[in-house]
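One letter stands for each residue in the lines below.
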Amino acid sequence: MPPIIRMVNLTKKFGEFTAVDHLNLEVEEGEILGLLGPNGAGKTTTLLMLTTVIKPTEGTAFVGPYDVGQEPDKARTLIGMAFQEPKLLWVDSPWDILNWHAKVCGLSAEERKKKVRWVLEQVELWNDRLKSVHAFSGGMRKRVEIAKILIQRPKIAIVDEPTAQIDIVGKHRIWNMLRELRDEGSTILLATNELYEADVLSDRVAIMHKGKLLVCDEPKKLKDSIPGGDVVEIALEKDITTAALAKLKEIPRVVNVLTIKQNQLKIYLNQAEEVLPKITEFFMKERLQVKSIRMSEPSLDDVFAHYTGLTIEEAQRE
Amino acid sequence: MISLKKVWTVAERDIRMFLRYKFLLIMRAIWFVSQIALFGLVVNRMFRPDVQSAVGGNYFNYYAAGIIITMLYSTTVFIGYDIYEEADHGVIEYLLSVPVSRKELVLGRSIGGGLRSFLYVGPMMLFVLYLIGVSNVLQLFAALLSLFLFTFGVAGFSITLAVSIKSSDRFDILMGVIDALIVRLSTTLYPIAYMPSPYQGIASINPLTFAADLFRWGAGLESAALVPPMLAVLSIVVFFSMFTFFGIFLHERKLEGGGWQ
Ligand SMILES: Nc1ncnc2c1ncn2[C@@H]1O[C@H](COP(=O)(O)OP(=O)(O)O)[C@@H](O)[C@H]1O
Ligand SMILES: [Mg+2]
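If you read the protein sequences in the order shown, they are chains R and L.
For the first sequence, position 3 (counting from the first letter as 1) is numbered 913 according to my numbering, and the numbering increases by one without interruption.
For the second sequence, position 22 (counting from the first letter as 1) is numbered 35 according to my numbering, and the numbering increases by one without interruption.
Treat the hints with caution; some may be incorrect.
[Claimed, not checked] Straight-line distance between alpha carbons at most 25 Å, and here's what the computed DSS-like set of lysine-lysine pairs gives:
hint : chain 1 : residue 1 : chain 2 : residue 2
1    : R       : Lys-923   : L       : Lys-18
2    : L       : Lys-116   : R       : Lys-984
3    : R       : Lys-1023  : R       : Lys-1013
None of these hints come from the bench; they were simulated from the model.
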C-alpha cells in the first residue's frame, strides 16, 4: 500500500529562519506515527502545512493522492486536526463548537444529535456543554479540541500535543480513544514532546530536531539500534574533570558518556555485567565517590541523545 | 464546485456569532431611533418647499430611507472585526483547516455577514417602510433582493480589508474614516443636486448611493432616486462580485495561519 502521507523536501521558512528543513517522511495508512521532538523542533509547522493552513516555502506533501499545494481543498477532506493551542472563541460553548464542527464535516442532523452527546460524554464535558469556554481550564479547552477529531473520525487525524495540560488519568483516556480511532482504520499523526507518550502510543516514531528529521522507526527498533544497548546512570559526590571524562570514555565497551550535570553521568555501554566492575574501579582510582548507580533500558530520550548529544529536556531549554 | 450546503454552514455560524454583540446591537438600535425621531424630525422642519421637492416631497422620508442604508452598511462591516477576534484566538487557522474550500468560506462569510445585518436591520426597515407607506410591492421586493446583494458585497469588502490590513487598530481607525467618507459622499443623507461637483462625481459611483436610491425606489420614493434602478442593481452586482473575488483571491493566495498577526 502506498503511504497515506508523503512529505517531499517539505520546507518552511519564516524570513531567514528555517522552521522545517527539507523533511522527507512517509506515514503508512492505519498507523499511529509519533512526531517527537523538543519545543521548537518544527512539529506544529509541519502539521500546519499538511492541513493546508500554511503554505510550504519549498517542497510539498501528498495527503492521500492530493498535493497540498495543488489540491488543498481535496486534501482537507481527508484530514481532521486537533490543534496544540485550542482554537476556540471564548463566547462559544462546547456544544456549539462540536455541533458546528460535525456539521461542517458532513454529519447529518440525526447523526449529530447522537454523536455530539456521545463525544461530550467521552471527554467528560457533557455537564458543561452549554457554558462558554471562557471559564474553562486549559485541560478542559484541550478536551474540547480533541473532541473535534473524535466526532469527525477523519481518515487522517492530526493531533498536536493532545494530552498537554491534561492529568494522567485523562491522558490514558485520550490515548485509548486515539488507539480506538486507529483500530477503526484512521491514520494518526501525533506531535508530542513527551517521551512516554511517543513510546506507548506510536507504532512508529519520527524524531525531529531543529526542523530536520533525525530518524524514523518503531520505538523498539530505535532503542535497540543505538550502540551501547545498556544505560548506566551514575551520580557522583563531586564534579568529574574533563581529563577523567576522557579516560572514562576510553574504557572498552563504553560507547558514549553523556554529562547530564558535571556530577551526573549517563553511560552507554555493551555487556554491562562485565564492564560495570571496571567502571566502579575507575571511579575509585580517580577518587570520585559514587553516590548511586542505576541501570536502565535505553529510552527514546537516549535515541534522541545519540543523534544530538542532548537530552530532549536540554534541547528544550536551548 | 461550490457546495451550497457548506456555504450555508459557514454563513450560519457567522449569524449565530452575531448574538454576542448584544450590547452593541442595543446601542445601535438606540442610535437609529434617535436619528429618526430627533435629527430627522427636526431637520425636516428646517427645509423650505423647494428643498422638500428636490428630495421627493418630504425630507423626513428621504432621510429615514437613507439611515436604513447607513445602518445596513455599518452593521455589515462587523464581520471584519470578527476576523480579528478570531485571529486572536487562532480560530482563523481552524477555519482554514476544515473541509471547506476557500471559495465556500469567503462566500459563506459574506452571506452570513450580510444576512445577519439584514435580519437585524429588518424590523427598522419595516418601520421606515411603514412610515413612508409602500405603494408597489413588486418594486419593493426587487429592491430588497438587490439590498441583500449589497450587504454581501459590504461584508466581502470588510473581509478583504481585514485580511489585508492585519492590524486590528489600524483596521478600526480605517473603518471609522471610511464610514465617515462613504456615508457623506453618497446620497444616503442628502441629494446629489446639493453637492459640489467633485463630491457629485464620487457620490455617483458610491455603492451606498446605489443602495440608497434603490431602497427609495423600492419604497415608492421614485422621484427622490436619481440613479435608474437597473443601473443601481447592476452596480451593486459589480460591487458584490468585485469584493467576493478579492476576498477569495486573498484567502487562496495570501492568507496563512501561524504568523498571521
Ligand atoms: N509564524 C511564525 N513566524 C515565525 N516563526 C515561527 C512561526 N511559527 C513557528 N515559528 C518558529 O518555528 C520554530 C518551530 O516552531 P513549531 O513548529 O511550533 O515547533 P514545535 O511544534 O516542534 O514546538 C520555532 O522556533 C518557532 O518559534
Ligand atoms: Mg508545537
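Cross-check of the supplied hints:
no.	hint	in the structure
1	R:Lys-923 - L:Lys-18	36 Å, violated
2	L:Lys-116 - R:Lys-984	13 Å, holds
3	R:Lys-1023 - R:Lys-1013	11 Å, holds
The structure fails to meet hint 1 from the earlier list, while all remaining hints are met.
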